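**Student:** Here is how the chains run, residue by residue.
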Amino acid sequence: MKVRVFVLPGGKLQIFTDEGTYEEGAERTKYLLAALQAAGIQAEQTSDIEQHKDGVSHVHVHENLGHSH
Amino acid sequence: MPCNLAVTITKAAVADEALRKLLTPEVVKTTLKNALGASTTVYRSGTVVYADMGTVQLSVRQGKVSASYARTDLAAQAKADKLVDAVSAALSLTANNVLALKVRETLRALAGAVETRQVNVNDEGQIVQAFQFTLEL
Chain P
0 MKVRVFVLPG
10 GKLQIFTDEG
20 TYEEGAERTK
30 YLLAALQAAG
40 IQAEQTSDIE
50 QHKDGVSHVH
60 VHENLGHSH
Chain W
0 MPCNLAVTIT
10 KAAVADEALR
20 KLLTPEVVKT
30 TLKNALGAST
40 TVYRSGTVVY
50 ADMGTVQLSV
60 RQGKVSASYA
70 RTDLAAQAKA
80 DKLVDAVSAA
90 LSLTANNVLA
100 LKVRETLRAL
110 AGAVETRQVN
120 VNDEGQIVQA
130 FQFTLEL
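Chains as they are written, first to last, in numbering that gives the first Met the number 0: chain P, 0 to 68; chain W, 0 to 136.
Just chain P, with the same shape it has in the complex:
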């Protein structure tokens, strides 16, 4: 499943799952957050795991500045 994680200024994160069902996306998101916590990154959930189709506010990529792998 394709997952995108944005790290924004001020320690904010947004996690998007882009494929599969809501339930699969929710499971992957919880797994990812648990992995961050286990790595010592104290990322606390600040929203429910929401569905894009419900119109929840989120970041939109405005411009791509460059990439690496």
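Derived by calculation from the structure, the hints in this document are not laboratory data.
Computed from a predicted model, the values in this text were never measured in an experiment.
Check before you lean on any hint, since a few could be wrong.
The list that follows gives simulated cross-link-like pairs (lysine to aspartate or glutamate, DMTMM-like), each with its CA atoms no further than 20 angstroms apart [to be verified]: (1) W:LYS101 x P:GLU43; (2) P:LYS1 x W:GLU114; (3) W:LYS20 x P:ASP17; (4) P:LYS11 x W:ASP51; (5) P:LYS1 x P:ASP17; (6) W:LYS63 x W:GLU114; (7) W:LYS32 x W:ASP51; (8) P:LYS29 x W:GLU135; (9) P:LYS1 x W:ASP51; (10) P:LYS1 x P:GLU22; (11) W:LYS78 x W:ASP51; (12) P:LYS29 x P:GLU43; (13) P:LYS29 x W:ASP51.
Starting from the known structure of chain P, fit chain W onto it as the hints suggest.
**Tutor:** Chain W only, in chain P's frame:
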């Protein structure tokens, strides 16, 4: 730019105090040197990092910046205020970059390949620079 139709969207945050903990004394020293100039006297004593700026001495403890100066010197006070603001902003940026690196490390451990992009994003009406990590999980 058209919106990619994500299935799920979740927001999370690392609190300021936890972000400041990412700033080790050596990282703070480097940030101060970069922000104040390579010739600035920057040194550490234990976990506290100091910078001598003539009439103002800056100290950074647990990621927080404070300034010492002669209280009767108004020019020094003005200088201190500007320096504290500038260094605090630089440390915030550094902490966020360290966070992004740690997030990427964690994602790589989970998924192997992680595509990394620096992007400008529209975050509730504000254009801000962000890191975008894309992986298969």
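**Student:** Each hint should be assessed against the structure and marked as holding or not.
**Tutor:** These are the hints, each one checked on the structure:
For the hint linking LYS101 (chain W) to GLU43 (chain P), the alpha-carbon distance of about 15 angstroms falls within 20 angstroms, and the restraint holds. With a CA separation close to 11 angstroms, the supplied pair LYS1 (chain P) and GLU114 (chain W) stays within the 20 angstroms bound. For the proposed pair LYS20 (chain W) and ASP17 (chain P), the alpha carbon gap of about 32 angstroms is over 20 angstroms, so the pair is violated. Restraint check for LYS11 (chain P) and ASP51 (chain W): not satisfied, since their Cα atoms lie roughly 33 angstroms apart, outside the 20 angstroms limit.
Between LYS1 (chain P) and ASP17 (chain P) the alpha-carbon distance is near 6 angstroms, which keeps this suggested pair within the 20 angstroms criterion. Note on LYS63 (chain W) and GLU114 (chain W): the hinted pairing is violated, with a Cα-Cα distance of about 33 angstroms set against a maximum of 20 angstroms. Of the pairs offered as hints, the one joining LYS32 (chain W) and ASP51 (chain W) holds, with about 11 angstroms between alpha carbons and a cut-off of 20 angstroms not exceeded. A C-alpha spacing of about 15 angstroms is found between LYS29 (chain P) and GLU135 (chain W), which places the hinted pair at or below 20 angstroms, so the restraint holds.
Among the hinted pairs, LYS1 (chain P) with ASP51 (chain W) is inconsistent with the structure: their alpha-carbon atoms are about 49 angstroms apart, more than 20 angstroms. Among the hinted pairs, LYS1 (chain P) with GLU22 (chain P) is consistent with the structure: their alpha-carbon atoms are about 14 angstroms apart, no more than 20 angstroms. Simply put, LYS78 (chain W) and ASP51 (chain W) have alpha-carbon atoms about 12 angstroms apart, close enough for the 20 angstroms limit, and the pair holds. Under the criterion of a C-alpha separation no larger than 20 angstroms, the hint pairing LYS29 (chain P) with GLU43 (chain P) is consistent with the structure, at around 11 angstroms.
At most 20 angstroms may separate the alpha-carbon atoms for a hinted pair to count; LYS29 (chain P) and ASP51 (chain W) exceed this at roughly 46 angstroms.
Of the numbered hints listed earlier, those contradicted by the structure are 3, 4, 6, 9, 13.
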